[in-house]
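As given, the protein sequences belong to chains S and Y, one line each in that order. To convert a position in the first sequence, counted from 1, into our numbering, add 25. To convert a position in the second sequence, counted from 1, into our numbering, add 25.
By construction, these hints were calculated from the structure, which means they are not laboratory data. Please note that the accuracy of each hint is not assured.
Which copy? The list can't say, so a pair holds if one copy fits it or any two copies do.
To be verified - Lysine-lysine pairs mimicking DSBU-like chemistry, simulated, CA-CA at most 35 Å apart: (1) Lys359 / Lys262; (2) Lys290 / Lys376; (3) Lys50 / Lys287; (4) Lys484 / Lys348; (5) Lys75 / Lys283; (6) Lys161 / Lys283; (7) Lys115 / Lys126.
2 protein chains.
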Amino acid sequence: MAVELKDLTKRSENYSQWYNDLVVKADLAEQSAVRGCMVIKPYGYAIWEKMQRQLDAMFKETGHVNAYFPLLIPKSFLSREADHVEGFAKECAVVTHYRLKNSPDGNGVVVDPEAKLEEELIIRPTSETIIWNTYKNWIQSYRDLPILCNQWANVFRWEMRTRMFLRTAEFLWQEGHTAHATREEAMEEAVRMLNVYADFAEKYMAVPVIKGVKTANERFAGALETYTIEAMMQDGKALQSGTSHFLGQNFAKAFDVKFINKENKLDYVWATSWGVSTRLMGALIMTHSDDNGLVLPPHLAPIQVVIVPIYRKAEQLAEVSAKVAPVVEALKAKGISVKYDDADNRRPGFKFADYELKGVPVRLVLGAKDLENGTVEVMRRDTLEKQTVPFEGIVDYVADLLEDIQNNIYQKARKFRDEHITIANSYDEFKEQIEAGGFVLAHWDGTTETELRVKEETKATIRCIPLDGDETPGTCIFTGKPSARRVIFARNY
Amino acid sequence: MAVELKDLTKRSENYSQWYNDLVVKADLAEQSAVRGCMVIKPYGYAIWEKMQRQLDAMFKETGHVNAYFPLLIPKSFLSREADHVEGFAKECAVVTHYRLKNSPDGNGVVVDPEAKLEEELIIRPTSETIIWNTYKNWIQSYRDLPILCNQWANVFRWEMRTRMFLRTAEFLWQEGHTAHATREEAMEEAVRMLNVYADFAEKYMAVPVIKGVKTANERFAGALETYTIEAMMQDGKALQSGTSHFLGQNFAKAFDVKFINKENKLDYVWATSWGVSTRLMGALIMTHSDDNGLVLPPHLAPIQVVIVPIYRKAEQLAEVSAKVAPVVEALKAKGISVKYDDADNRRPGFKFADYELKGVPVRLVLGAKDLENGTVEVMRRDTLEKQTVPFEGIVDYVADLLEDIQNNIYQKARKFRDEHITIANSYDEFKEQIEAGGFVLAHWDGTTETELRVKEETKATIRCIPLDGDETPGTCIFTGKPSARRVIFARNY
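Next up, chain S with everything else stripped away, as it sits in the complex:
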């Protein structure tokens, strides 16, 4: 299938269309036959796999273990926690029958009415309920605590408007669910995992994030406190990239999970949950990519280096291949993934465009002239700069260059982000700044009412109350009432 680069919409023309085009053309994902569900294609999945491996290692380093809980949840479980059911009931896929049968008219199959479930089952939109129903049997005493489980799973939320990776009915994620003996310990855990997410976003995705707390209105359904990392996309909109929830004793109370504490008294267990999803793919794409295609951070690129030979005759190819072979081996030995593309059914120009589209961080090109001169042409995807460098020492050069690119795209994203954070001191100023795009630091009176009014009028939501930064009090831009500190407003995905 031909790559038609010309068809990639320019970001300046239509950012949203550019994103949709890019997801499809870079072979990351495509719409499936099922409404709101995507197919994650091999190239997109390879990036997700790299994310998974790294996150999984970070979870294990912080003492967590993986487990697996059922896909289906009895409908009644959902109702146990009042806020939780309120938050999820309206978007549940419901299993009502367990059998099909041949259609009486001989055409295909129909649902067998005799195979109706006594209690309907819902496909997990998140697993707090089924997990806390399970934890009940695992916990008797403080000696059984903490429980630090994570699961990698698919979840389902019947969203009305979907966009690939950003908002799909089915998505892949991990959900950590921990149980603790004290409030303090659970709070610490929630913050610990927020920090793990922030580290991962910054060091691997090269996506700068702001850590903060959600307002009551934006909290997870059933949480006492929701921590978030918020990233800024190139169009100035915010993307919530990961959340970590302090659930208090809400789910322990809903599922009657008590334990004997160190003082030999019965108490409810304290909980957290935290998750990131394939939505991170959206953040990755929209933070770094350009009008030529994907720009991938070297730490997550499935192919970090591609080598393309230029040749006319078979002997020339043989010469280049012989020269390249030890470089490929040496790069692999350093743990760098490299592809030598000597396919003869695609011209070099086509290959160049394709690897640019796919965001491969470094491209090496080697031809007859290079063999003569002892050189190699190096192209870095982040700046598209080409340089001819000595072939001698190319392995170390490439290894350094990959780190340089990783750092450069982070700095670039950070600079862009910082340049698009403004401070509003009046509602007029605020509206102007929101319209212009980016994050706006403004005072807010702390009420949901004000938050919703501002959202209605400007489409901006409070992304978070930052954990760091200026904590000077002031007056709300909307009501003039006292404000404890500035919060971050933005339009968002």
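Starting from the structure of chain S, add chain Y where the hints point.
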């Protein structure tokens, strides 16, 4: 929670109960609140993860890539391939609605009748249909082939009688789905993946398997040929441990997937699919474990070595810990997972029983006497033999011992398997041998009718027509009709 070893049923008393006890007591899995669905607990999941990592590496070495396809499948897709729908329609979980709403009586939530789907969706029992509907758009010419995709996923089959790991409504698996330009290439692929499965079973699980072909009656619904690996459990019953299917052009025809071949003619695409599941956990448990608990092959054990200190006073513990620390580091440096269990709230005897139950291959015990003598006590889980060996050189000793255990349990299982394969030359002999347990090599006339009659009368099924071994023709033990070769009969899980 206390480990009550005494409650583990003996294999000789009730093999089936022993298995169920062991799964729960070794913390591998437990029943969930949802009928037929299990919770895979952290220790069980850690073993599954090791299986996944290894299989995934083997799939990638053979040129496969991972992708992800939707959980839900439109009902009509299932009907496209006649055998396929026949095989799966009766055990489908069916999603009919996409929303819940508050119950009018104020009690919990009910299905919102206004949120009924136009076409019902089924939870994938396997993904051939949704995947071939997707491949249709990926394939135009032979240049787009082969497609070599795998997915790690959960699937759902509404089984009436379930047993943890062996047969559960929801299970975890991988399913490979490949598309090829020629019949030969697809056949080669199906056999290649059978060999990957057999290698994995023998080298990592230490489970000897027989490779063979399924009879028409036991074929996957929609396949032209199903290859299988069959293992023998300690009770002599067979466990089908992995299957690889040559699907011919069945799904290509059902989903109209054509391509331009090298001769510039339009043809249907050739297909395979292949899968192994969490059922492998059952095979692992039932091949090696004993009345003391799990016996895990070192290549898949989450903890390969446990070190338990024996001490009276804190100073003694400090001495032992100091002595052990460099050994732990050295073992880790060799890629061996080791746990130093100096927890002071469990007595050594309790720890010993617990790690035996959990199947940790090697246990080292170090006390004051050992410090004096420069020794350490080594226990190997497979034989339960204890030996006191010099502390000097313990790292290499342990590394060698792990390989020795891996090899020993494989040989032991192989010997048991081989001793329980018998040859029947008459139906009377056959019935006796089947009753005694094990695999029976017998002649069969090749008809489904005979196969079903034998099954009805003896509960034995044809596990496979072996790929290797004696190919001498003979006469069917049941009908006396000509038989091309002996096949393997057994009772099975």
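Now for the hints, and whether the structure bears them out:
1. Lys359 / Lys262: neither (38 Å within a copy, 48 Å between copies)
2. Lys290 / Lys376: between (68 Å within a copy, 28 Å between copies)
3. Lys50 / Lys287: So lysine 50 and lysine 287 pass the 35 Å test across copies only (26 Å; inside, 58 Å).
4. Lys484 / Lys348: neither (58 Å within a copy, 64 Å between copies)
5. Lys75 / Lys283: Between copies, since 34 Å is at most 35 Å while 38 Å is not.
6. Lys161 / Lys283: within (8 Å within a copy, 54 Å between copies)
7. Lys115 / Lys126: This pair counts as both: shortest intra-copy Cα distance 29 Å, inter-copy 7 Å.
Of the hints listed earlier, those the structure fails to meet are numbers 1 and 4, in rising order.
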